[in-house]
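Join the two chains into one complex using the hints; note that each chain is given alone, in its own frame.
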Amino acid sequence: MNPEHIARSRSERLAIDRAARWPVGVFIGSSIFWLLAGSLLALVASIKLHDPEFIADNPWFTFGRARSAHLNAMAYGWLSSAGIGIGLWLLSRLCRVPIEDHRSLTLSAVFWNFGNLVGVWGIMRGDSTSIEWLEYPAYAAPFLLASFAFVTLAAFNLVRRRAPGHIYISQWYVMAGFIWLPMLYFTAHGLLVLAPVQAPAQPPINWWYAHNALGLWFTPIGLAAAYYLIPKIIGKPIHSYYLSAIGFWSLAFFYAWNGMHHLIGGPFPAFMVTASVVASVMMFIPVITVAINHHMTMKGHFRYLIHSPTLRFVVFGAMSYTLVSIQGSTMAIRVVNEITHFTHYTVGHAHLGVYGFASMVFFGAIYYIMPRLLATEWPSRWLIRLHFWPCAIGIAIYFIGLSVGGWLQGLALNRTDAPFMEIMEATIPYLKSRSIAGILMTIGHLAFGVSFIWMILRRRAATSETGPTLFSLPPQSADST
Amino acid sequence: MNRHTGNEPGEDFNVREVHGQIWRERDEPSENHKAVPWWLKHVIYAPLAIWAIWYLAYASGGFRFDVQSERFGDWQIDPVELEAIVAAGEAGADDAPDDSRRDVLTRGAAIYSRVCAACHQANGAGVPGAFPPLAESDWVGGNEERLILLTLHGLVGPILVNGEPWDGVMPGQGDSLDDNQIANVLTYIRSTWGNDAPPVDPATVSGLREKYAGHAPWTEETLYEAVGGL
Numbered sequence: 001m002n003p004e005h006i007a008r009s010r011s012e013r014l015a016i017d018r019a020a021r022w023p024v025g026v027f028i029g030s031s032i033f034w035l036l037a038g039s040l041l042a043l044v045a046s047i048k049l050h051d052p053e054f055i056a057d058n059p060w061f062t063f064g065r066a067r068s069a070h071l072n073a074m075a076y077g078w079l080s081s082a083g084i085g086i087g088l089w090l091l092s093r094l095c096r097v098p099i100e101d102h103r104s105l106t107l108s109a110v111f112w113n114f115g116n117l118v119g120v121w122g123i124m125r126g127d128s129t130s131i132e133w134l135e136y137p138a139y140a141a142p143f144l145l146a147s148f149a150f151v152t153l154a155a156f157n158l159v160r161r162r163a164p165g166h167i168y169i170s171q172w173y174v175m176a177g178f179i180w181l182p183m184l185y186f187t188a189h190g191l192l193v194l195a196p197v198q199a200p201a202q203p204p205i206n207w208w209y210a211h212n213a214l215g216l217w218f219t220p221i222g223l224a225a226a227y228y229l230i231p232k233i234i235g236k237p238i239h240s241y242y243l244s245a246i247g248f249w250s251l252a253f254f255y256a257w258n259g260m261h262h263l264i265g266g267p268f269p270a271f272m273v274t275a276s277v278v279a280s281v282m283m284f285i286p287v288i289t290v291a292i293n294h295h296m297t298m299k300g301h302f303r304y305l306i307h308s309p310t311l312r313f314v315v316f317g318a319m320s321y322t323l324v325s326i327q328g329s330t331m332a333i334r335v336v337n338e339i340t341h342f343t344h345y346t347v348g349h350a351h352l353g354v355y356g357f358a359s360m361v362f363f364g365a366i367y368y369i370m371p372r373l374l375a376t377e378w379p380s381r382w383l384i385r386l387h388f389w390p391c392a393i394g395i396a397i398y399f400i401g402l403s404v405g406g407w408l409q410g411l412a413l414n415r416t417d418a419p420f421m422e423i424m425e426a427t428i429p430y431l432k433s434r435s436i437a438g439i440l441m442t443i444g445h446l447a448f449g450v451s452f453i454w455m456i457l458r459r460r461a462a463t464s465e466t467g468p469t470l471f472s473l474p475p476q477s478a479d480s481t
Numbered sequence: 001m002n003r004h005t006g007n008e009p010g011e012d013f014n015v016r017e018v019h020g021q022i023w024r025e026r027d028e029p030s031e032n033h034k035a036v037p038w039w040l041k042h043v044i045y046a047p048l049a050i051w052a053i054w055y056l057a058y059a060s061g062g063f064r065f066d067v068q069s070e071r072f073g074d075w076q077i078d079p080v081e082l083e084a085i086v087a088a089g090e091a092g093a094d095d096a097p098d099d100s101r102r103d104v105l106t107r108g109a110a111i112y113s114r115v116c117a118a119c120h121q122a123n124g125a126g127v128p129g130a131f132p133p134l135a136e137s138d139w140v141g142g143n144e145e146r147l148i149l150l151t152l153h154g155l156v157g158p159i160l161v162n163g164e165p166w167d168g169v170m171p172g173q174g175d176s177l178d179d180n181q182i183a184n185v186l187t188y189i190r191s192t193w194g195n196d197a198p199p200v201d202p203a204t205v206s207g208l209r210e211k212y213a214g215h216a217p218w219t220e221e222t223l224y225e226a227v228g229g230l
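Chains as they are written, first to last, in this note's numbering: chain X, 1 to 481; chain F, 1 to 230.
Hints are computed from structural coordinates only; laboratory data are not their basis.
These numbers were taken from a predicted model, which means no experiment stands behind them.
Be careful, since some hints might not be right.
[Stated by the list, open to error] Derived Cβ-Cβ restraints for the label pairs, each shown as a range:
{"hint": "1", "chain 1": "X", "residue 1": "64", "chain 2": "F", "residue 2": "136", "range": "42 to 50 Å"}
{"hint": "2", "chain 1": "F", "residue 1": "127", "chain 2": "X", "residue 2": "426", "range": "48 to 56 Å"}
{"hint": "3", "chain 1": "F", "residue 1": "136", "chain 2": "X", "residue 2": "51", "range": "52 to 60 Å"}
[What the hints assert, rightly or not] Quick list of in silico lysine-lysine cross-link-like pairs, DSS-like style, CA-CA up to 25 Å:
{"hint": "4", "chain 1": "F", "residue 1": "34", "chain 2": "X", "residue 2": "236"}
{"hint": "5", "chain 1": "F", "residue 1": "41", "chain 2": "X", "residue 2": "299"}
{"hint": "6", "chain 1": "X", "residue 1": "299", "chain 2": "F", "residue 2": "34"}
{"hint": "7", "chain 1": "X", "residue 1": "299", "chain 2": "X", "residue 2": "236"}
{"hint": "8", "chain 1": "X", "residue 1": "48", "chain 2": "X", "residue 2": "432"}
[To be verified] Residues on chain F that point at chain X, a partial pick, calculated with CB under 8 Å:
{"hint": "9", "residue": "21"}
{"hint": "10", "residue": "28"}
{"hint": "11", "residue": "30"}
{"hint": "12", "residue": "32"}
{"hint": "13", "residue": "36"}
{"hint": "14", "residue": "48"}
{"hint": "15", "residue": "65"}
{"hint": "16", "residue": "67"}
{"hint": "17", "residue": "70"}
{"hint": "18", "residue": "115"}
The C-beta atom is built at its ideal place from N, Cα and C for all residues, glycine as well.
Isolated chain F, as found in the complex (with noise of 0.2 Å):
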């Protein structure tokens, strides 16, 4: 190196009076080839990866276009299914022991085909003129506290279901059927015939018959300014 000037050999520029930095600076940078980390690998990106299928599948409502909530599907029971379940519930498995979705829909199923078939109908499609259609109705698909507040005290008096004129009477159940069972049932008639709800929760049944206890049967009016509308 020219102690005066700071070059190397070969440098034609006072690099120590041009350009301090150039001088003091390191080399341009490179990498290692250290492995990666075992854990990294089993404990960061194993686990994700598979939790990411998992919540795919999970959380995709069937990866279908016309749906938007992630959870569709999840209490959906398709025909074959509906059979099965009708079939256990016919057989009067309405004690089916514990809370999966298989057996409350089954008690549903049970409790549907002894209290509500005979009006409307096992494959919920009404009587017309008589009695409204479960199937792909506003009311059994919609606002849920006004679907337990009329099954348990009953329904008066002209209704729309589906923009559709009903006039009749609907007993009310509340005294027949514990908390459970409304629940039961009506989780039962919100997941099939193209109902896409939500299950009832039993404890929102108890809620709203402590609540409205000893309450006469409603009307469309009085369910409205009660718990709203649809």
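Okay, chain X solo, but in the shape it has when bound (with noise of 0.2 Å):
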């Protein structure tokens, strides 16, 4: 490469950072907000459901609220926030052009928490829609759709004007993502909160959306990051362009009819859900082939997970997800969905792919992204490790913990002569250890928000002597925050 270049991409790469900083420093800082008060309201509702005088006689901390207040805030306040801000920021990466509009797409990130703000306060008073992923009441909706409308529209300007070249699968699934969310979110709060359309036809809308928000949205930029960090770190180009490909189409060609799978017993026609089944088993297509194309990127470099905070969660959250879809697939044969459905077991699978996967990759992502934004270092790497072990232990006992529970609970209900009583009350060991693993991811998410608040205040100015802020020093100098 010649001088010329490297020098032509770095002033580049300044001011694509510089452009971002305020959009998407804005919108990754309120997702660590909305990140510590969903764990606080999972606390609550974890621990309600072992120890139901928790709490009791205040009705916003109801399970009902508890529970739908800490699954919106997690879903648009924290993984939705961070996705915006990512995408954003990788988007304009590699579409090698800085973002031309920040000013309003920081106005936008400032609506789109306010949007969030009043949708959990509505859920908190009882405003709850009662649809599962969509509780924000009716009120709420505007703020968030026009908001991503910005952020949709802002996507298209970066792609519009991008630098000529070849496009790096990153920005396809970060596009799509960008594209699929508004337009679930539109369709489905239409068809289910809006104009609400006969009863029985909602609760496949409601899980075709569901479902989708997770594999159409959260799975897409969480792989764009992942895709754009592993090579960036190692230095390493990506195993195989055609890999990336069929991992991509076929994500999209097989999720969108993902969602009916969760309706398999239900009163609707059986080719639907069947039609479901198959899609949800042909995820293997496109899971295995992403898995292949990382783990061919990875090898021979596996060492610096042990310096890189970053590669770490991202690696982390990448073989989650390899787990957490082949988990996903398997559940939705009708033989284990038999066994698995209303239990604990689905919700241990559902923490596995938005925390184990999607939350993992995030952290990871906005441990490279905010140095290079504000220009300095993650003031310490004590913090750093005090947010991966509890995080990724918490997960691991909340997913063992659920999936065994969850599986002898689904076993049970189907005895005909099993008392009810009796099999809720041999889930309470299981339902502990989730508040403990719970307990434990909080801790992980206090030391990320103090680290990241910490930065914010500049208690420590880096420079390039100093380096990046790692686990430990690599032998070899390296760039791997």
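The structure is reproduced here in structure tokens:
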């Protein structure tokens, strides 16, 4: 590479990161606020399941509200805010043009957060729509939709002005996510909340939306970040363009059909559910393809996991993605679903996806992006360790506890002679393990929050001499934050 | 490179001071063009695609909007097939050899024409005022245990079939038909004339025969007490 090219790409990146500073920074910063708020709501809901007297006399924290507020705070407050920020930054970097309209984007971040605030407040005061994943009352939705429209327009603007050349796989994923989410949300919100369709048609729309919010929004952004950060940090190209392309298009083709597997055993046309079971099992194709692509890229470079916080979070997430997707495909098979449906097993699966995969990748991406936006370094490697380990151990306990407990619960529920109360009491130890896991994860999130605020307050000015904040110093100097 | 500022020629700012990360950051990622491994295509993609097509055809309930059971149609007999099965059954093929669907139905049809058709008629329509219909009947397509018990021990007194009142006597067949025969004939009537219910397992018949050995003919009430409603 000639020196001129290097110089050009450096000043280009500098301009990109400067333009992204406010919009991406506000989206990511507020996402961390929602992460903490969502964690506290999660603990309230989790503790209530084995200790019902906990905050029992405050209607704002009854289980039905706390649980819904947790889900929405995490899905729209934490994951979507972080996803928008990360997606915009990735797109700007890969299109090699700075964000043009950063003021209106920053404003849309404010709107987005206002929408979330109104939504969570609405749920907690008792205005939930009671439609899973769409609990925000109707008066919160316009803020979210208006804000996301800005984001999508800004994304199109970036793509339109992009530097000529190959479109990298992360660009495909981010653009797809930015188009899919508003489409999904607008359709589902319209047909279920604004002008509800006839009752029997509502559950299919509900699960079409809820499952696609995971697979066509969190997943593309998470994969885009993994596809960008893994080669960036280890300094090696992605193994195969063909595998990237097959992974992307098969995800796009099969995922949209997946939601109906939530309706197995329900009063819906058999072919509709069967098509969804088939598509869910066909998810083996994108998942195995992406896993091979990532693994072959990482091969021989796993030592970077010792040093790089970003890579460790991202690889943890990518591995969870493989695991959770394979598990999900098996759960869609009818004989398995007959056991796991309506049990805590499903909840364990959901958290391995949104937490073990999406959240962990997003953490890694934030560790990479923020120092570049602020031109500073993370203040303490100890805080990053205190973030990683409780979260990693926490999600492991969470997943194992609820998977074992949920499976046993499902087997018992299928026996006609088992008393319901006994089945419920038998789940309590597993529910307690979930609360312990939740406390661990919250500790990690607090460390993350402290780290972030400390970094913004610039208690430690960094230069290239002090270098990136790594878990430990690598043998030779490497870019790894 | 200027040793003092860390700049490459052409850079007009001090990279090291302004932005340490830019300095150490690697170039934007790219992709190699390694081929898709052969085993991925042949061991993963192809078998999955074949399974998908098979399962879609097998478990879609005939792609009908009014069918909610993915196993619908498995045992269903269409009119053309019914003719062949009934002909084979009437020809006395009630010793058809194996447990394939076709053989079970053929044995069932043979038993039906020999034992049941005299009252319930060859087309399952029954005789108005005397013998209730089996075609599209809630007794046939519903609770399997109830159907087995009344076949084993008989049924007397007033009953409701599809909401219509009937009052008659059905003799028990438990002494003349064995478990397999009862399972076959019930599977046959549950698979035809608009009925769509899962096949009856001989083990279920023998379990009930043992449990209620020597029971008197059932009434709608005693049946309800024993195994519940429809």
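Verification of the hints:
Roughly 44 Å separates the CB atoms of residue 64(X) and residue 136(F), a value that falls within the hinted 42 to 50 Å. As the Cβ distance of residue 127(F) to residue 426(X) is approximately 55 Å, the hint placing it in 48 to 56 Å holds. Hint check: residue 136(F) to residue 51(X), Cβ distance near 53 Å, so the stated range 52 to 60 Å holds. This hinted pair checks out: residue 34(F) and residue 236(X) have alpha carbons roughly 14 Å apart, not beyond 25 Å.
With a C-alpha separation of about 21 Å, the suggested pairing of residue 41(F) with residue 299(X) holds against the 25 Å cut-off. Restraint check for residue 299(X) and residue 34(F): satisfied, since their Cα atoms lie roughly 14 Å apart, inside the 25 Å limit. Taking the CA atoms of residue 299(X) and residue 236(X), the gap is about 10 Å. The hint holds against a cut of 25 Å. Pair hint residue 48(X) plus residue 432(X) holds up; C-alpha atoms about 10 Å apart against a cutoff of 25 Å.
The interface hint given for residue 21(F) holds, since its Cβ lies 5 Å from the closest Cβ of chain X, which is under the 8 Å cut-off. Residue-level restraint check for residue 28(F) holds (minimum Cβ-Cβ distance to chain X is 7 Å; threshold 8 Å). Given the 8 Å rule on beta carbons, the hint for residue 30(F) holds: about 5 Å separates it from the nearest Cβ of chain X. For residue 32(F), the suggested interface contact is upheld, since its CB lies about 5 Å from the closest CB of chain X, less than 8 Å.
Restraint check, residue 36(F) versus chain X: the minimum CB separation of about 5 Å is within 8 Å; hint holds. Residue-level restraint check for residue 48(F) holds (minimum Cβ-Cβ distance to chain X is 6 Å; threshold 8 Å). With a cut of 8 Å, the hint placing residue 65(F) at the interface with chain X holds, because the nearest CB-to-CB distance is about 5 Å. This hint holds: residue 67(F) has a C-beta 5 Å from the nearest C-beta of chain X, less than the 8 Å allowed.
The criterion of a C-beta within 8 Å of any C-beta in chain X is met by residue 70(F), whose closest approach is roughly 4 Å, and the hint holds. Of the supplied interface hints, the one on residue 115(F) is violated, with its beta-carbon coming no nearer than about 33 Å to a beta-carbon of chain X, more than 8 Å.
Comparing the model with each numbered hint stated earlier shows that hint 18 is the single one that does not hold.
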